[in-house]
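Dock the two chains into a complex; use the hints.
As given, the protein sequences belong to chains A and B, one line each in that order.
Every letter in the first sequence is one number past the one before it in the working numbering, and letter 46, counting from 1, is 75.
Every letter in the second sequence is one number past the one before it in the working numbering, and letter 329, counting from 1, is 685.
The set of hints was computed from the structure by calculation and includes no laboratory data.
Predicted model only: the values in this text are computed from it and were never measured.
Some hints here could point you the wrong way.
Said to hold, decoys possible - Below, computed lysine-lysine pairings styled on DSS-like, alpha-carbon distance capped at 27 Å: (1) B:Lys575 - A:Lys32; (2) A:Lys76 - B:Lys569; (3) A:Lys71 - B:Lys600; (4) B:Lys704 - A:Lys40.
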Amino acid sequence: MSKITTSDFQKGKFIEFKNEPCQIVEYQFVNPGKGSAFVRTKLKNLKSGRVQEFTYKSGEVVEEIPVSAKEMQFLYKQNEELIFMDPRTFEQVSLPLSYIGSFSKFIKEGDIYQVLVYDGQALGMRYPQKVRLKIIEADEGAKGDTVMGAKKIVTLETNVKVAVPLFVKQGETIIVDSDTGEYVGRESQKNY
Amino acid sequence: MDRVKLRYMKNWQKLKNNPKLWEKIFVREKIIQSIREFFFIEKFHEVETPLLVPAVIPESYLEIFETYLIDRKNKKHKMFLTASPESSIKKLLAVGIGNCFEITKSFRNNETDSDFHNPEFTILEWYRTNATYENLMDDCEKLLLHISNKLINNNNQNKIVYQNKLIDFSSPWERISIKEAFKKYANIDFNDCITRNKNPFNSEKISVIAKKKGYVIEKNNTWEQVFNQIFLNEVEPHLGISGKPIIIFDYPRPMAALAKIKTDNPIFAERFEFYIGGLELGDGYSELTSLKEQKERFNSEMKLIKNQNKIKIKKDLDFLNALKSGLPKCAGIAVGIDRLVMLFSNSKTIREILPFPLEVS
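One chain only, chain B, in its complex shape (with noise of 0.2 Å):
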């Protein structure tokens, strides 16, 4: 262990001097109130899956977090937090539970040092039958909606101001595609960033792309690493700075390991993320539903867990069973909870509205 020490801000100490504070902390049930009602009246199903599990679906970009369940005989069984309720969900939707949400805790490892993240966080998924992932948005729409007439008590039941921004929630968002925004903002065809042969997403044409941009690029890097570089730099500053919340859809394949694939382009998954005044609070994707194609997915993401040093985690062999025993056309989304805490309440940094914030000093 590195002798770096952790801490709980004392966050919690401030609101007894401060009661204005106490006001940040209060959005949270508004929102979670108005979101229980919105899926009330949309008829949803209210559930509520483990947090602790013995093996979970293998995502290389994230880092979980590890821990032992110790028995009656003092035996020690490796187990591990959610990093998301996905799999759980899915399993129940298979068994035929139709449209439901749950609201629950998430662990994330590996997250510290940033206003957007915390290691624990609370994430809401809801997952409608026979949809896609333009039913979602179309959800995502109607939900803020609902939420900002809950929440504000004026006239512009529509408008909130979030750092010095006006964002306006009504219909219709802004939509753009990855394809469209990197034409327009980062001025790249999309076709130059892939290869034309079996593997199209070696990371070969995109780097050529990006070190005459003048970014550092070595051999090791993934192509979603060089993507995400020139998303992050060129594109995302300028994603919905009219005040207008926007959704940005249509991923490439390795960023939508549990997506669809396009069937029009399946260098594309039917995915999509939306953000609200510079604030990232959505994905969610027309869900994978083939069970080969999952398979080869689970065994690629394990792949990439291992050459990049991460955590070993144990595959969740009943989620591919879920998807064997039928997993229903639908489409699934996790929001952010925190961040529409951060957005409702005009506040910068996620430590501000948890009154006990993780904190490395």
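In isolation and in its complexed conformation, chain A is listed as follows (with noise of 0.2 Å):
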């Protein structure tokens, strides 16, 4: 653990609040009328993945917890845990699916991801913006639905269904946006 103060406050960083592992998902400063700064935040808790608001008085110090980013694979899902190996020491983690949130749609068995760690447990992990999926599923003959300008629905490999262009086919991989869930393109045939 390490003392920082407000000011290092960024998206994304873990920090212990009311002696809990917490990211800290949203900060903004504040100055209430006649009243000094404060910096207003939303902080996601890692156990129950419930998110709330807190406001620190700001220059206040808080804990921060201090992760490091390791590369592991992600093996499989058991019981809304995910768990991830590192394939040099085959040393195991295994990481609620809660923490992870909508991004436990793209998550692939076998691919290797940035788990973050602290004191041996996982915490989280980094999400790749775009990722890439092979479509199993997607009805050929489809005309298209107009309202979403002549795009069709498939199935991606790990079960998720997204939007894509009429000219996509059934076993191409194509890319993801992780965030938005939106079509960004198809893998060039060349990089198998």
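Set out below in structure tokens:
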């Protein structure tokens, strides 16, 4: 643990709040009328997954949890836990599914991810902005939905459904924005 | 200087490709037009006061912008940008302007990284002579109704939707005192927060209460910091959730440096704020007119500024002259026009409504 002040706050940083590990989701400064400066935060409790608001005095000291990013392979899901393995040491860690929010739709068995670890425990992971996933189901005859601008819905290998242009075919690997869940483009065949 | 780069976010460029954004920009001119109309009907004078001044009112919670004036002999004179037009308007009041208002720019340093503050912002102030803060509360209700009636073109002119909340401007608004709000929402009896001696706002007692609630309190934290941390965490989130604007009044003295002390309870001052849809929109008070009291507060604020290592200001002694010559009994209020624009354009952040927001990257 190391002490930081509110001026070191950054989105994504891990801090301790009421003895629980939390991640800073959002923060901003506020000055109440005729008052000194404060920092309003949204903190995600890593254990419960709940997001709560707390307002710090500007300059208040908090404990930062010094996490390190470790490259680990995602093995499988088991009882709402994600099991990762360090491919060098074969050491395994588990990460509750609730910690990763909507990224759970895109996480793929066998792929390497950066897992954030502190004191032997996984606290979170870094999410790649773009994920490459194979289409396992696509209706080739789809006429497209004109409201959506000639798009069809396909199912990817992690079972998530995404809207893609009509020319994209089953078996192809596509790139999806993991933030918005939107189709970005097709993986070029030459990469294989 | 830090190596942080300042930039104007390129909001103005977005206007070309997204004509819908103009709507947010044009809300401002409609609001300002209706404010002028309101005060014209109320027979107020509109005044204009300087933004660049040689001395300011010491207010320890603010950080000021300082600059230099260079005269013809190339001599530098320290100058400041005003954090509000208050001191100049009060000088005009002292010499007899009577009821008046101003719409102007104000500058507050150290207020980046926020959805609700821009270092340069637009402020409306108005002053009523022979009036108290209660008259201003009524003004606020009437003004907001006037604006909504001008801006909203449907049958529900008293109602708008702000951030998925239905707001109803019609009178009467909710009103609650700080003392009641602390009891109701934070379960704190105000009498337990103050010390019964010469210095009632010594932070000792309130710190004990805050620590019990789990706040981290340091020895150097002021009474105001502890109070406001409880207020922001436990009271403010409840204000105005019914959709009615809410007036919260009678602030403790440390948060009312220019307000008149209540005669029946000197712990509090005649100051109020109003909130709509979670936005803090205005801050008004019965003005302090006692020269002796104002001098004392000048000195204690100067001390706090020094202790906090804030920018060294020059105190506006000319303002004390205004009080000396006799400031009439009056009440004045500041309302953030940018936040009114946010409210009436249903915008979550101040950046959305400014073509040139100032941001640190």
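Hey, A:Lys71 versus B:Lys600, does the alpha-carbon distance stay inside 27 Å? Holds - the C-alpha atoms of B:Lys600 and A:Lys71 are around 26 Å apart, at most 27 Å.
Tell me if the straight-line CA distance from A:Lys76 to B:Lys569 falls inside 27 Å. 22 Å, holds
Between B:Lys704 and A:Lys40, is the straight-line Cα distance small enough, at 27 Å or below? 19 Å, holds
If you draw a straight line from the CA of B:Lys575 to the CA of A:Lys32, is it 27 Å or shorter? It holds: about 18 Å lies between the C-alpha atoms, which stays within 27 Å.
The earlier numbered hints are all upheld by this structure, with none contradicted.
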